[in-house]
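Novice: Read off the chains here:
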Amino acid sequence: MEFDFAAEQPKFLMLMYGLIAFVAVVGGLLLLLDVVPAWFSRRREERLVAAVASGAPLPRRRKPREGLIALFFLLPTLLFLVIGLVVPAIRTTLLSFMDKDSSHWVGLANYTWMFSEDSIVRVLINSLVWVLLVPLVASAFGLIYAVLVDKARFEAVAKSLIFLPMAISFVGAAIIWKFVYAYRGDGDQIGLLNQIVVSLGGEPKQWLLESPLNTLLLIVIMIWIQAGFAMVVLSAAIKAIPADIVEAARLDGVSPWQMFWQITMPSIRPALIVVVVTLSIATLKVFDIVRTATNGNYDTSVIANEMYNQAFRYGEPGQGSALAVFLFVLVIPIVIYQIRNLRQQREG
Amino acid sequence: MTTATPTVGAGVQATAKPSRAARVRKRLNSRTATLVSIALALLWTVPTFGLFISSFRPEDQIKTTGWWTFFSDPQFTLENYQEVLFSTGSSGQLASYFINSLAITIPSVLFPIAFASLAAYALAWINFKGRDWVYIAIFAMQIVPLQMALVPLLKFFSTGVTIAGIQVLPAWDLVDEQKFAQVWFAHTCFALPFAVYLLHNFISQLPGELMESARVDGATHPKIFRTIVLPLITPALAAIGIFQFLWVWNDLLVALIFAGGGDETAPLTVRLAELAGTRGNEWQRLTAGAFVSIVVPLIVFLSLQRFFVRGLLAGSVKG
Chain A
1 MEFDFAAEQP KFLMLMYGLI AFVAVVGGLL LLLDVVPAWF SRRREERLVA AVASGAPLPR
61 RRKPREGLIA LFFLLPTLLF LVIGLVVPAI RTTLLSFMDK DSSHWVGLAN YTWMFSEDSI
121 VRVLINSLVW VLLVPLVASA FGLIYAVLVD KARFEAVAKS LIFLPMAISF VGAAIIWKFV
181 YAYRGDGDQI GLLNQIVVSL GGEPKQWLLE SPLNTLLLIV IMIWIQAGFA MVVLSAAIKA
241 IPADIVEAAR LDGVSPWQMF WQITMPSIRP ALIVVVVTLS IATLKVFDIV RTATNGNYDT
301 SVIANEMYNQ AFRYGEPGQG SALAVFLFVL VIPIVIYQIR NLRQQREG
Chain B
349 MTTATPTVGA GVQATAKPSR AARVRKRLNS RTATLVSIAL ALLWTVPTFG LFISSFRPED
409 QIKTTGWWTF FSDPQFTLEN YQEVLFSTGS SGQLASYFIN SLAITIPSVL FPIAFASLAA
469 YALAWINFKG RDWVYIAIFA MQIVPLQMAL VPLLKFFSTG VTIAGIQVLP AWDLVDEQKF
529 AQVWFAHTCF ALPFAVYLLH NFISQLPGEL MESARVDGAT HPKIFRTIVL PLITPALAAI
589 GIFQFLWVWN DLLVALIFAG GGDETAPLTV RLAELAGTRG NEWQRLTAGA FVSIVVPLIV
649 FLSLQRFFVR GLLAGSVKG
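Taken in sequence, the protein lines are chains A and B. Per the numbering used here: the first sequence = residues 1 to 348. Per the numbering used here: the second sequence = residues 349 to 667.
It is possible that some hints are incorrect.
Said to hold, decoys possible - Pairs of lysine to aspartate or glutamate, DMTMM-like flavour, derived with a Cα cap of 25 Å:
id, chain 1, residue 1, chain 2, residue 2
1, A, Lys205, B, Glu407
2, B, Lys571, A, Glu46
3, B, Lys503, A, Asp101
4, A, Lys205, A, Asp186
5, B, Lys411, A, Glu210
6, B, Lys411, B, Asp421
7, A, Lys285, B, Glu622
8, B, Lys503, A, Glu66
9, B, Lys503, A, Glu316
10, B, Lys411, A, Glu45
11, B, Lys477, A, Asp99
12, A, Lys205, A, Glu66
13, B, Lys571, A, Glu66
14, B, Lys571, A, Asp34
15, A, Lys100, B, Asp421
16, B, Lys477, A, Asp34
17, A, Lys239, A, Glu210
18, B, Lys571, A, Glu45
19, A, Lys205, A, Asp188
20, B, Lys477, B, Glu560
21, A, Lys285, A, Asp34
22, A, Lys205, B, Asp521
23, A, Lys285, A, Glu316
24, B, Lys411, A, Asp186
25, B, Lys411, A, Asp188
Since the hints were made in silico from the structure, they are not lab data. Since the structure is predicted, the reported quantities are computational estimates derived from the model, not experimental observations.
I would like the entire structure built from these sequences, with the hints used as guidance.
Specialist: See below:
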């Protein structure tokens, strides 16, 4: 065995440091919060006792400093968020108006580049296709499956099977599907898809090289992963429909079709919106699948992938940042829509 | 759910006896539904199953015949795993990356959960000025895509902070396995908004009398947090823990940028993506490698699915 376990020791040491830091930070914080107020209250008591003994007027009891304690509870979170998210997000916005050395202001040049460069326009169109298809198909499939399997005998197992891809990394999923799409020029096919095509009398193809079909095939991977999420949430919503409503409808003799459109759909509408919104946002940020399956070649790149390429491979932080900001801008209306919906729901 | 079924069924039968034809049709319908749903579940599993079977087939077999021939001509080997896990150099060495994945994941799960539960407690049960605004601000940060933070955060690690020409914070200057710290830091930042939000959902729903009476007894906030709140929110902690575990273990982007590509720090996902790019036709390695990366989250997921689903529903439906 060539694997050298001793060479791995520094990593475990580092992991141990990390764990020690964790215990020190969290434990230290709790201890600090425990000891300091206790010390203060003991001092106050002592002063109180001294005041009573000497007959002096009692010192006024100060309000417990809730704000200070809250600050300590919140400190790590706020610190990390400001350093890791707030400041960087502002800087990224600024960088998007600067050139590749981040030294000169270039106005909207990075944004006009985005919409004038053919390859980037292609990327934007691809992202649009992704964000239209994935939420739609995944939620539709999840919904149909949730209805089909509702109250079936093997429900739990069937749902687990659909849900399982959620645990698989996008990288793993991309490899799984690359294997399905695999192509061999001569002899037997090793990819399932080509084997099916051949057995139906067709010609095997290099699926991932053929634009625009390849983008659709990558979208299939995302749908495969996310349908389980849609199914679980929608299934829970379906089960939450009050049984007496369903029963009453059944007594009225509605057909399953009517039942679905007039009872099920209106009842699960809020959950459906949540699913579509969540999936849309996740799809906009998709990166791993494209990178693993095609590395963005053959006209398959999407915004997040292009952002990575520009900022970290081509040394164009300005253009990369512009893409990141554009991604953020695309997310905002989706979120506003969801917030408005939630508010309506609460008022209604 | 199973309890609801008999009551509804009985109610229908008792009140309105459906005609025989309708009953037959209904049974047929449900049988079709059953068949369709089984077929779909199988369809969903076939790709993973094919990969799994392939990972145990000899190299020349994988490369020349489809995995379905395994059933007519079964040949079994563990060599792929042996090679991809332990052989050094370009062919795999995944064992090393597996350890990296572990070293990245464990602290990246612990830190945000601890910080978020502290923050969620303060936001739910300590009265202070501007509490709602802080909560709304943290909540709103969920929508910032992490792509917005990558370039400046990397700069923060590599060059430190300079304000008006004065070095305020030095560069981290981390080498080799020390780079884990960067990845922990980044994952912690990106996880916090959602973790705070989810835990706040749970913690704020704890009964207020519990806190009140503890306060009356003279318990301080840290004490209430430790002795009352923490034990009560264990299911929520488990849920968010699984989320974060799956997210970190399966993440590619953050690791790619903050851990680099070397075998000192890069996790499995980075290595696999690289193998898929440079050795796209070495299926004996890719299949075994993919399965190595899948197996841990799969175990976690299957054994703790209950918590996961509960967390998912709490996070997405309550909104």
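Novice: For a quick check of understanding: which of the numbered hints are violated here, in increasing order?
Specialist: 8, 10, 11, 12, 15, 17, 21, 22
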